[in-house]
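Chains as they are written, first to last, in UniProt numbering: chain A, 1 to 584; chain B, 1 to 230.
Rather than coming from a laboratory, the hints here were simulated on the basis of the structure.
Bear in mind the structure is a predicted one, so any value in this text is a computation, not a measurement.
A virtual CB, placed ideally from N, CA and C, is assigned to each residue, including glycine.
Honestly, I wouldn't trust all of these hints.
What the hints assert, rightly or not - Chain A residues, not near chain B, derived (Cβ > 10 Å throughout):
(1) M54
(2) V274
(3) F478
(4) S485
(5) T532
As the list claims (entries may be wrong) - Below, simulated DSS-like cross-link-like pairs (lysine-lysine); rule was C-alpha separation at most 25 Å, straight line:
(6) K14(B) with K562(A)
(7) K22(A) with K183(B)
(8) K22(A) with K514(A)
(9) K183(B) with K38(B)
(10) K185(B) with K110(B)
(11) K514(A) with K441(A)
Said to hold, decoys possible - So these bits of chain B aren't anywhere near chain A, every CB distance computed over 12 Å:
(12) W91
(13) V106
(14) Q142
(15) K185
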Amino acid sequence: MNYTAIVDQPDESHHPTSFMAKYIWSQDHKVIAIQYSITALFVGLVALALSAMMRLQLGFPDSFSFIDPSSYLQFVTMHGMIMVIYLLTALLLGGFGNYLIPLMVGARDMVFPYLNMLSYWTYLLSVIVLLASFFVPGGPTGAGWTLYPPQTILPGTPGNDGGIILMLVSLAIFIVAFTMGGLNYVTTILQARARGMTLMRMPLTIWGIFTATILGLLAFPALLVSAIMMMLDKLVGTSFFMPAILSLGEPLNYTGGSPVLFQHLFWFFGHPEVYIVALPAFGMVSDVIATHARKNIFGYRMMVWAIVAIGGLSFVVWAHHMYVSGMNPYFGFFFATTTLIIAIPTALKVYNWSLTLWRGNIHMTVPMMFAIGFIFTFTHGGLTGLFLGNVVVDLPLSDTYFVVAHFHMVMGVSPIMVLFAAIYHWFPKVTGRFLHTGLGKFHFWMTFVGTYSIYLPMHYLGFLGVPRRYFAMGPTEFIPESAQSLNASITISALIVGVVQLIFLFNIIWSTFKGKKSGPNPWNATTLEWQTEYTPPRHGNWGGKIPVVYRWAYDYSVPGVKADFIPQNVSPQEVEMMDDKGGA
Amino acid sequence: MNFFSSIFRELTEKPWLAQSAETLDQELIEYQPGSPGKTGLKFFIAVVSVIFFLFSVTYLSRSQYADFQALGGEPWSPLYQPLWLWANTGWLLLASLSLHFAVGQVSEDKLNRLLGLLTLSVIFSLLFIFGQWVVWQQLSQQGFVINSNPANSYFYMLTAIHGLHLLGGLFALVRVLIIFSRKVKLDILQRSLVLCAWYWHYLWLLWLFIFALLTASPSTYNTIAAWCGL
Ligand code: HEM
Ligand SMILES: [Cu+2]
Chain A
1 MNYTAIVDQP
11 DESHHPTSFM
21 AKYIWSQDHK
31 VIAIQYSITA
41 LFVGLVALAL
51 SAMMRLQLGF
61 PDSFSFIDPS
71 SYLQFVTMHG
81 MIMVIYLLTA
91 LLLGGFGNYL
101 IPLMVGARDM
111 VFPYLNMLSY
121 WTYLLSVIVL
131 LASFFVPGGP
141 TGAGWTLYPP
151 QTILPGTPGN
161 DGGIILMLVS
171 LAIFIVAFTM
181 GGLNYVTTIL
191 QARARGMTLM
201 RMPLTIWGIF
211 TATILGLLAF
221 PALLVSAIMM
231 MLDKLVGTSF
241 FMPAILSLGE
251 PLNYTGGSPV
261 LFQHLFWFFG
271 HPEVYIVALP
281 AFGMVSDVIA
291 THARKNIFGY
301 RMMVWAIVAI
311 GGLSFVVWAH
321 HMYVSGMNPY
331 FGFFFATTTL
341 IIAIPTALKV
351 YNWSLTLWRG
361 NIHMTVPMMF
371 AIGFIFTFTH
381 GGLTGLFLGN
391 VVVDLPLSDT
401 YFVVAHFHMV
411 MGVSPIMVLF
421 AAIYHWFPKV
431 TGRFLHTGLG
441 KFHFWMTFVG
451 TYSIYLPMHY
461 LGFLGVPRRY
471 FAMGPTEFIP
481 ESAQSLNASI
491 TISALIVGVV
501 QLIFLFNIIW
511 STFKGKKSGP
521 NPWNATTLEW
531 QTEYTPPRHG
541 NWGGKIPVVY
551 RWAYDYSVPG
561 VKADFIPQNV
571 SPQEVEMMDD
581 KGGA
Chain B
1 MNFFSSIFRE
11 LTEKPWLAQS
21 AETLDQELIE
31 YQPGSPGKTG
41 LKFFIAVVSV
51 IFFLFSVTYL
61 SRSQYADFQA
71 LGGEPWSPLY
81 QPLWLWANTG
91 WLLLASLSLH
101 FAVGQVSEDK
111 LNRLLGLLTL
121 SVIFSLLFIF
131 GQWVVWQQLS
141 QQGFVINSNP
151 ANSYFYMLTA
161 IHGLHLLGGL
171 FALVRVLIIF
181 SRKVKLDILQ
191 RSLVLCAWYW
201 HYLWLLWLFI
211 FALLTASPST
221 YNTIAAWCGL
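Just chain B, with the same shape it has in the complex (with noise of 0.2 Å):
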């Protein structure tokens, strides 16, 4: 609310009336630089979650022509039971966990741990990618290639572009190891990590919600499709 009232107030300024120099000392006292950082990855959250939100509308509408054959919901379907796809999201769950305690550890006294943690959480990243790619194997072996089926299609397309999000990820993440390497700021990394956790956290988020939407039941979809009037 706060936040609304406050960009309201800003709008209905009259930036044309004459300011008293009180009011102009006032706000030049107030003013404060921004955090950059922040406000650049919440537009980035953004896109991307624009990017996944437009892709499940398009399944759910995809989903009610006859073709279609989900991949989950039924005892026979092959990802009634997807532990494979579980064990994956305990992967990124703790590679997440990990990067959050890393961020606690940012100081001159507690660089071992630090580094440990941010290990830890980059091979729980690749164990991810890793488990993600066993399902596609296994899968593939079953007959449930790309193109045998819509459901299929998004099965694969939307894990690979979720992973490819990961690895842009890890390769942020690396980056701002290596500059940190040269020259050793620690609020600059501090404030670095808290980005990448953020990260990782939603695409955690982002993936149970893609696990949810991938593996529901016909009736589950069906029901949301009817609701969005699909």
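Pulled out of the complex, with its shape left as it was, chain A reads as follows (with noise of 0.2 Å):
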């Protein structure tokens, strides 16, 4: 039985050979990716840190010094822009999808490796100049992640003068570096396919990976449009978004524009940019669940079909974001509209990861161990989400702690769960060895346990009104003393969660180098990444030969077939059946 069919004359002709073009200056996917990882990876540390300090003055009022209420916002700006797009969309497009996109659709590279190089040293460059704005004078933006003018831009707002500037500029270069790496990303996968892979044998990381990037690309100039138009009010003094105002007592230039097109534009990319993020973790959780239940994916017609109409709903339900900003009812009612309809392709999703796992010969492995721990988070935020579309309910909970209970579960946990379930899956493939299963099964319990008792309680919180982006409670006396305690014990919480990731963190460092051993195929998978001729691969991915696709990406459990999976670029004289007398 031989899965590794394709072993051919090894092509080494065009290898890289310096070692500046071999990590550097490389334009192999496979380096890029890793750079796009570990760059992601350090300012998601950046952003970790920044959370501790807000939990600490949360949990503990008045007791540091090094924080009063100006730094406070700027944590929570800095926090959020990081995470949702410096840390997650980098990582899950830029790391995950460049990795993954050529060597599971069977191409060489992507197919513009030189663009593909500039992405990430364009990427590299908006991290630097986002953490300069620590840096500047007045330090980086308190005007929270959603960045609203006119508040963002006046005095009164920390940050308002070099911070913002920066913050925008970054926003404008990430946005650059992304559109490099997307039309790479789109292209590869429509035109560097291998002979057989057609678009429905494709795995569904790909669909998640190729539908999140065509939203990127149409969402990520609605962000371009705001940031140009935001940074000419504060430079130049246009009226774009700025309307007449009073500063400090003094009347200001600006004449009558509009703050609520500002939020239209933002939320028309903020709203596409949770599937920009949560589309390529439905992808590979998919991927890991079935691999690790040996069974093929419940209904993978319907799974691809509800990724891309979630895509495509993703348009029509921005505004569900500003039920407070004062717009007519029927809207509203459309809105409120709209998101409950794309709740049923989400909800789709998650019946057939359920079915999947169900009767299914499980392996508890650690990156299962995530993907299960996702299908709780996402349920979880899920469900909350489907309270705060409605307007009725959206309106007394808006800008409390529920909300950011319930975005913290659906667009924070839930992609993090699966991006740790992706590391675990496939840091074999990338370095030849496993990640410590011990520690990773404590990585994942203390992080499973430890977010629920983080966000649960803040759940809670909410409906007692505890405001968001809040310094501290202060004399409020609908809001009982007890919160108090509450808020204590969730720092406590947040702290063990953000030492742990240290840990994982020990994880991969000591791995890399004295992990076990793993093999090509350690899983037992039947994707083409892991049919590699080396592993970790090669520069050109497949030596000699580019793998012929003759099947599907879920052949686990085939009946009659002695193994329990049939690669994609097995043919089918090449399986071989279960002989009759010996039958298991």
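Using the hints, put the two chains back together into the complex; each one sits in its own frame.
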């Protein structure tokens, strides 16, 4: 039985040899993916540290002299922006997208390798500009990650000079970087698939990444447009978004611009952004679940259609973030309806994951634990989303900790769970070694239970009316004393969860050099990336011969077949059937 | 239609069914490697179009506020008869046409004509950019500076961003030529030039759109805004 049948003469002719060409100015998608991932994880740690600072203040008010009301707002803003854009978007698409697309569709590399390299270096520049804002006079912007004008650029908001300018510049650079990468991802998927890799034979990971990239290409322009216009309002005094306004008692030179216009633009980007993060996660978790349950994914076609439907619908729900902006009630009704409609394909996906597990031969590996954890956290966050999607429920809960709890469950914790699942799952392909399983299980349980003990109580705080983005609750009559004890306990959980992530980092570094050797296909998976000639795959991925694809990505436990999986590049003639006598 | 029905056919495939050897063989025969350049450019053009579409929506929405004074449309408005802008439209059209004809000249014995057309195209493009700059000067000398009215802000912003896209195109065109001058492969040059020509045609159409939007009379944009429910 030879499942890695494409052993041919390796073609070594175009390998870059010098260190610089191989690891720094590399045009190899695998190296670029690792560069993206390391950078994203690094800024992610910065954002994690910022959340620890916020939690310290909230749990133990006035005990820390280095956190004042301004810096609190700056931490909130930078934390939110970094997490959503510079960590999740970059890691899911720049990291995993880059690594997996060529390998999973059977290409030697991205179709525009040079552009791909530029994409990474531009992303790095955007990160540097972003982090530079910590060091300019006035510090980074504290306007909230939504950057709503007019307050964003007016005195009284922290970082309303250098900070906001650097933020806007950094976002613009990021969007350029994303566009260069994104053009590569969609074009590679459309034009460089191996022979036999029809669209419906692509693993769901690729479908998720593909749809998310298209969303990104169409949604990031809205952020770019609003960033450019806001920058002009700030720097040259145009009045796109800035209304006629008094500041510190003085009338400013702005005439009647429209702040609500900004909100529309921002959320026209902001809502699809949720799915830019979620769809790749949906895809990857599907593949992890199918592989570790040794079953074909339940309802593959439905899963594909659901991804596409969610992608399309995500452009017509944006104003559910603006119910409190004073919109026309019919408008609110429309957006509440579309929001509930998008829940249908989303729920369908959750059912299908659960049904894939049903009577599967479940291997409780670390990736599988994170994947199952994701089903819990995502269902949880999704349900509170149904509440907030309704105008009457959202009005009292808007800008409270209920919202903070909701979006952390649905787009904070859940994609992070999938990222962990994906890292534990694909690490053996990237390095040829396993991550340490014991540490991994510890990491899972601490993170899973820990995030619940952080975010579950927050729903309750939200019901009490504790507002979001507040440095301190102050003497507020309707909030009982005990809310403070709850806050202290949340902080302790958050700090523990934060420290556990350092153990994960240690695991990555240790396992890269000392981990148990994994061999080429440790999970007995069907998809092409596990069938490469070398592990880690070399430059060009496939040696002398590009694989030919004969089947879909989910031939697990096919009845009558000897092994419990058939890789995509195994032809019908090569499949070994069960011999009648032995039978198992 | 063909495109949609073939997409539909693909998306309704049942990949879990075992496929007969003949279907598999057929698939392998029909397989064609793609043309990444064209696909990539199409997506890029889609992205740029979305950017300008969103700008125009905000333009229409912003135009419904009392302080908005259009630059065109009335005899006393500065862009009532924008001769310079018409001239610039001509330059860009010429640039686009020369590139178009250059594509037809890619062969060993016509290299001189090819080079001439490409140079012309670059010169016309630069003339366009210079012409836009002149219009900026004229406007600001008459007191129509970027922050004196939202309509002005849009004029400077949209022309600048359009111009930047043209500069980006020039950068790409020059890069194509430099690579070409190093290793002569005519079919590759041909393919790259086709992409450049497409991009120039697109930029010209985009410019027509921006031109119309920025010089539209109040009654025009009010009507469109009303249609859009703004
Ligand atoms: C242990 C992990 C995390 C902790 C303890 C944490 C904690 C917090 C806290 C305390 C706030 C500020 C609440 C307020 O005062 O309004 C916040 C805001 C936010 N967080 Fe997190 N967070 C974590 C992970 C994440 C992740 C993974 C994401 C990714 C989506 C994320 C996205 C956001 C966003 C978008 C905001 C809103 C920022 C704003 O209001 O402008 N967080 N987080
Ligand atoms: Cu939303």
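**OP:** Could you grab the alpha-carbon distance between K22(A) and K514(A) and see if it respects the 25 Å cut-off?
**Re:** Since the Cα atoms of K22(A) and K514(A) sit roughly 23 Å apart, the hinted pair holds (cutoff 25 Å).
Subject >> Distance rule for W91(B), whose beta carbon must clear each one in chain A by more than 12 Å >> reply: holds (26 Å)
**OP:** Verify that the Cβ of F478(A) lies farther than 10 Å from every Cβ atom of chain B, and report whether the claim holds or is violated.
**Re:** holds (39 Å)
Subject >> Beyond 10 Å from every chain B Cβ - status for M54(A) >> reply: M54(A) is indeed farther than 10 Å from all Cβ atoms of chain B, at 33 Å.
Subject >> Q142(B) non-interfacial with respect to chain A [C-beta, more than 12 Å] >> reply: holds (18 Å)
Subject >> Pair hint outcome, K22(A) versus K183(B) [Cα-Cα no greater than 25 Å] >> reply: OK: K22(A) and K183(B) at ~24 Å, within 25 Å.
**OP:** Measure nothing beyond the straight line between the CA atoms of K514(A) and K441(A); if it is 25 Å or shorter, mark the hint as holding.
**Re:** Status holds; Cα separation ~18 Å.
Original post:
Just checking, K185(B) versus chain A, shortest CB gap more than 12 Å?
Top reply: Label holds. Min Cβ-Cβ 17 Å, cutoff 12 Å.
Original post:
Is the Cα-Cα distance between K185(B) and K110(B) 25 Å or less?
Top reply: Holds: K185(B) and K110(B) sit about 14 Å apart, inside 25 Å.
Original post:
Was S485(A) rightly flagged as not at the interface, with every chain B Cβ beyond 10 Å?
Top reply: Label holds. Min Cβ-Cβ 47 Å, cutoff 10 Å.
Subject >> Holds or violated: K14(B) to K562(A), with C-alpha atoms at most 25 Å apart >> reply: At roughly 23 Å apart (the allowed maximum being 25 Å), K562(A) and K14(B) satisfy the hint.
Subject >> Closest CB of chain B to the CB of T532(A) still more than 10 Å away >> reply: holds (20 Å)
Violation of the numbered hints given earlier is absent; every hint is satisfied by the structure.
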